[in-house]
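**Student:** Protein chains in written order, with the working numbering: chain A, 2 to 277; chain B, 935 to 1228.
Just so you know, these hints were derived from the structure itself, not from any lab.
No residue lacks a Cβ here, since even glycine has one placed at the ideal position from N, Cα and C.
All clues stand as given, with none of them false.
In silico DSSO-like links for lysine-lysine, alpha-carbon gap of 30 Å or less:
hint	chain 1	residue 1	chain 2	residue 2
1	A	K154	B	K942
2	A	K161	B	K938
3	B	K969	A	K90
4	B	K1224	A	K86
5	A	K86	A	K154
6	A	K90	B	K1219
7	A	K161	A	K270
8	A	K90	A	K154
9	B	K1098	B	K1110
10	B	K1110	B	K1224
11	B	K1223	A	K154
12	B	K1026	B	K1098
13	B	K1026	A	K270
14	B	K1098	B	K1224
15	B	K1098	B	K1219
16	A	K86	B	K942
17	B	K942	A	K161
18	B	K1098	B	K1223
19	A	K90	B	K1224
20	A	K86	A	K161
21	A	K154	B	K938
22	B	K1110	B	K1219
23	A	K86	B	K1219
24	B	K1110	B	K1223
25	A	K86	B	K938
26	A	K90	B	K1223
27	A	K161	A	K90
28	B	K938	A	K90
29	A	K86	B	K1223
30	B	K1219	A	K154
31	A	K270	A	K154
32	A	K90	B	K942
33	B	K1026	B	K1110
Calculated Cβ distances over 12 Å to all of chain B for the following chain A residues:
hint	residue
34	F52
35	F59
36	S60
37	R120
38	G159
39	L160
40	K161
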Amino acid sequence: MLSIIIITVITYFIASKGLSTFFKNGINLFDFLFGTQWKPEHDTTPLFGAFPFIFGSFSVTILAVLLSTPLSVGAAIFMAEISPKWGAKFLQPVIELLIGIPSVVYGFIGLSIIVPFIRNTFGGMGFSLASGMIVLAIMILPTITSVSYDALKSLPSGLKDASYALGATRWQTIYRVLIPTALPNILTGIVLGMARAFGEALAVQMVIGNVQRLPSSILDSVSTLTSILTLEMSNTIAGTTYNNALWSMALILLLMSFVFIMIIRILGKGSKLNER
Amino acid sequence: MNVKVIDKIATVIFYTIAIIITLILFGLLCFILVKGLSGISWDFLTKPPENLRAGGGVGPQIFNSFFLLLLTMLFTIPLGIGGGIYLAEYSKPNTITYAARLVIEVLSSLPSIVVGLFGLLIFVQKLGMGFSLFSGALVLMIFNLPLMIRITEQSLRAVPVEQKEASLAMGISHWKTITSIMLPIALPGIITGTILTAGRAFGEAAALMFTAGMSSPPLDFTNWNPLAPNSPINPFRPASTLAVHIWKINSEGLIPDAAQIAASASAVLVICVLFFNILSRWIGKLIYKKFTAA
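Take the sequences, apply the hints, and build the full model.
**Tutor:** Here it is as structure tokens:
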């Protein structure tokens, strides 16, 4: 009961704050979502185009997932099919430890290893979309791996035996039989990873550079919704348009996490239909 | 190409992936520990931080982290276990239960910064608690509650149904069955889960920046009056935890030895989290032995 109340209250308050940008301060919703100019402190014509941040959030999330998925699904397959002994003894504790490391520590590692590495190898500032992508990819790797591993483990063993009995090799069994069957659950893991990457604030903010415009390449600095919130929320005065615009971004984050949950629910239903 | 050759190639690729991941983890751990441990000394662990000069410590931050954890668990454990018992034993499969489950799922996937901002709005501003340990603890409670509920529910559901039925068949009331039969059996799972939750709360920063605050007042560790502003155990004072401190010195960069302090503080944080992990496994095993006579 309590949690229902909490979520309703959270949604209500953040929505009321976030929507007041559009109703009270008269900012056009379209301008907010797709405007590319963010100049909230301009004297005469302040502009509140949040598109660079929205774009930053989505691009860094998608890139991180693209980088992380092959590795983590591969690791899950390794643990479940190729070498269960090594997987259970060695890789599983490793994955559990990776989950436990706090996100600031990931951010700090990114700051002291990945940022200088990118600066020295590819030039530029080092604080870039690419650094954010790598840090997030490492952060969401354990999430995707453990969900995919559970999915593969819970498959009925008859499937695998039948495939082997037909003379299929291990690889053929994995990618023709096991992956398609476990796919809804693996996708759930990927969406969970995306949700985590999308909402991650500090680790991203530390490595991504926080330049408030659209990036032109993967080595450019960008801002995300979360990074701009962490940086600006304490500098603005409650009730101003600037502050309300930040709350609107928090609302976007909230709505996105609802969307992720919806996707997970739909995938869950899909996998149940397959079982029947 | 021959299917057998493809199979061999695939196997090699999977081994490579496993090795890469293990290397990443060991790389991370070695980096943190090697770089951090050199800066850890008794002074570093007990001295207050410096604002502009080098050589500050993280003493108050370590204390704050543990104290905040204690406060959080004080709120989370009763509510979480209560919620778990309700969902596992009392809830009927109707719309409200369905809604509660959905909400718990949503709550557990909320970005921590959104929860933090909510805390800023409600606890800090609307309820006038200011930046305080108390607001921080409430926010962490919201953050941890879904996990705690789910862990309790799963542990209770894992109790063999025969034991529950045996107890009920002897005429013991439902509530007594839960407290005397089911909870002790579910305890290892609950404790393991609690410690893991604690580890998560310990490393959380984004939710605390706007609720527990980013600074710590000068503390007098001889003053134990809980209402004095400089007393370490006053729950209504602002307090920065270890994780928030790491973020702050990295992004402000006012102190000359920020990188070293951040490395050492990260090492302390990682060691604490590792300790929580090992502790949870160990306690889980211990209790399991005690209850199963294995």
